[in-house]
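Residue strings, one per chain:
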Amino acid sequence: MSTSAISIKGLTKKYDGKFAVAGIDLEVAYGEIFAILGPNGAGKTTTVEILEGYRSRDSGEVRVLGDDPQALGEKKYSWRERIGIVLQSSADAGDLSVRETVHHFAKYYERAKDPESVIALTGLSEKADDKIRNLSGGQRRRLDVALGIIGSPELLFLDEPTTGFDPEARRAFWELIKQLRDEGTTILLTTHYLDEAEALADRVAVIAGGKIIEISPPETLGGRHLAQARVTWVEGGKSHERLTSTPTNDVATISARLGGEIPELQVIRPSLEDIYLQMIGGQE
Amino acid sequence: MRVLRLGLLRGGLEIKQFLRQRESVVFTIFFPVMLLFIFGSVFKDSIAPGVTFSQYFVAGMIATGLVNSGFQQLAITIPMERDFGTLKRLRGTPMSPASYFIGKAILVTVSTLVQIALLMGFGAAMFGLDMPTSTAKWFRFAWLIVVGSFCTTALGIAFSTVPKSGRGASAVVSPIVIILQFFSGVFFVFTQLPKWMQDFAAIFPLKWLTQGMRSVFLPDSFVQQEVAKSWEIGRTAIILIIWTVIGIVFSVKKFKWSNS
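Read top to bottom, the protein sequences are chains A and B.
Position one of the first sequence corresponds to residue 1 (the working numbering), numbered consecutively onward.
Position one of the second sequence corresponds to residue 1 (the working numbering), numbered consecutively onward.
None of these hints come from the bench; they were simulated from the model.
Glycine included, every Cβ here is placed at the ideal spot set by N, Cα and C.
It is possible that part of the hints are untrue.
[As the list claims (entries may be wrong)] Heads up, simulated DSS-like pairs for lysine-lysine below, C-alpha to C-alpha not over 30 Å straight-line: (1) Lys254(B) - Lys76(A); (2) Lys211(A) - Lys256(B); (3) Lys18(A) - Lys253(B); (4) Lys16(B) - Lys113(A); (5) Lys253(B) - Lys76(A); (6) Lys107(A) - Lys256(B); (7) Lys107(A) - Lys253(B); (8) Lys75(A) - Lys254(B); (9) Lys164(B) - Lys14(A); (10) Lys18(A) - Lys256(B); (11) Lys164(B) - Lys18(A); (12) Lys16(B) - Lys107(A); (13) Lys256(B) - Lys9(A); (14) Lys76(A) - Lys16(B); (15) Lys14(A) - Lys253(B); (16) Lys14(A) - Lys256(B); (17) Lys256(B) - Lys76(A); (18) Lys131(A) - Lys164(B); (19) Lys164(B) - Lys76(A); (20) Lys253(B) - Lys75(A); (21) Lys16(B) - Lys131(A); (22) Lys18(A) - Lys254(B); (23) Lys107(A) - Lys254(B); (24) Lys75(A) - Lys256(B).
[To be verified] If you anchor each label on the Cβ, the simulated ranges turn out as follows: (25) Leu4(B) - Ser78(A): 13 to 23 Å; (26) Ser174(B) - Ile215(A): 45 to 55 Å; (27) Val249(B) - Asp274(A): 51 to 61 Å.
Please model the entire structure based on the sequences and the hints provided.
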């Protein structure tokens with residue numbers, strides 16, 4: 001158990017008699033980027049907030065960096081030194097500048113990073129003296145991350161970090177996360193975005209209805225690597241479709257039969273999104 | 001030590017944020033001075049030999065100032081900080097809640113002192129306000145400010161759990177303060193109020209703070225005009241301390257870091 005950054009066994013949580021989390025088991029190794037993927041109301045945020053120590057659980061065992069976040073006692077503050085939390089949304093401290101805020105939060109931590117280098121790392125150098133209320137949504141989110149990592153956390157929680165980002169900002173953000181991973185930070189990420197999970201995560205847990213449907217690397221999620229491709233084309237004025245695990249061979253056969261070009265040929269492999277929708281669709 | 005160091009740091013940050021919010025500066029610091037100007041200009045009569053209405057009114061405004069910058073300010077701004085996610089974020093850091101509360105107490109103390117200094121300066125310049133006449137009165141003035149600040153800070157933090165949202169906080173909190181001001185002898189001479197109003201006001205700290213401030217700013221002879229024919233200093237201290245304890249107990253038990 002102590003070899004995992006996060007260890008959960010049989011976790012449940014009810015609100016008003018209904019299960020928000022209905023028996024979750026998972027282990028996150030040190031140094032891993034682990035993504036939790038799921039629709040709204042799946043139990044992602046509840047699970048993460050239990051791990052962060054914001055919520056209590058009804059049953060099950062939870063260890064985060066070796067300790068139970070609900071029974072830290074005197075250890076509470078030393079435990080919080082070792083984690084970083086980026087919450088879903090925030091709109092605070094609008095009257096302070098980026099620089100003032102990052103420098104202030106740095107003083108909360110024993111092992112704080114240099115505030116100026118964190119401002120640079122999160123791409124906020126040009127905005128450092130701007131009031132927070134004047135930042136764009138993406139810049140504000142980067143500030144949230146700056147405050148999450150200022151204490152050099154061993155474990156970083158990111159709750160839907162790139163909501164509202166433009167594509168360029170999202171890619172820049174991913175690079176930042178990869179850099180943190182390369183420095184040895186363990187990262188637990190919740191996201192709506194499949195491309196984000198695919199780009200960043202070593203492993204993905206798909207969660208729906210408070211339960212884990214599958215945990216695997218993004219490449220093999222839902223048996224994606226084994227899934228059949230769909231070949232569609234037009235032959236004799238009619239549309240044809242075939243599911244196959246040997247699409248190249250099939251296309252060659254059809255091409256030979258039609259004497260060259262195949263009208264309206266498409267070979268479609270399931271995207272992570274198709275697999276995901278299929279997985280959570282099966283739960284409804 | 002760390003708790004205190006971070007508390008002082010929070011206090012500095014609170015003051016910085018406060019000064020950058022123009023509305024709050026105007027409301028909590030200058031509003032009482034404006035009221036003094038208006039009331040002092042309208043009511044020119046003396047209410048007792050050697051006691052002008054402005055003299056009486058300044059005592060009440062100083063007491064109100066403690067309630068405004070402590071209770072009212074905190075009970076409105078803390079729910080807003082809760083809505084904004086400020087509190088939840090802080091909860092996830094190694095900063096102890098005690099440091100957060102120390103920071104708030106520092107903000108309240110500083111804004112109260114500035115407000116009192118302005119009221120006294122302005123009152124002296126415009127309406128010939130008399131300063132406390134003995135060391136004993138200055139000493140009483142000092143402890144009333146200290147105990148009063150603690151009391152209203154504790155109650156403000158405790159009451160911050162009542163408003164459902166930051167947006168609605170002002171609508172919940174302000175009427176309470178305004179009604180208490182009318183009932184406690186801030187805008188009117190206390191003895192001229194109906195008995196039931198006096199009795200009701202006597203449950204809450206503001207009445208005792210205004211009475212205490214009158215004991216500091218009015219001549220000793222005025223005590224005969226008071227309801228109890230006494231300044232009731234001991235009772236005032238006890239009631240303020242009881243309310244402070246109630247505030248602290250509620251704050252510790254009920255304080256919420258987020259809405260959900």
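Let me make sure I understand: some of the numbered hints might not hold for this structure. Which ones are they, in numerical order?
none
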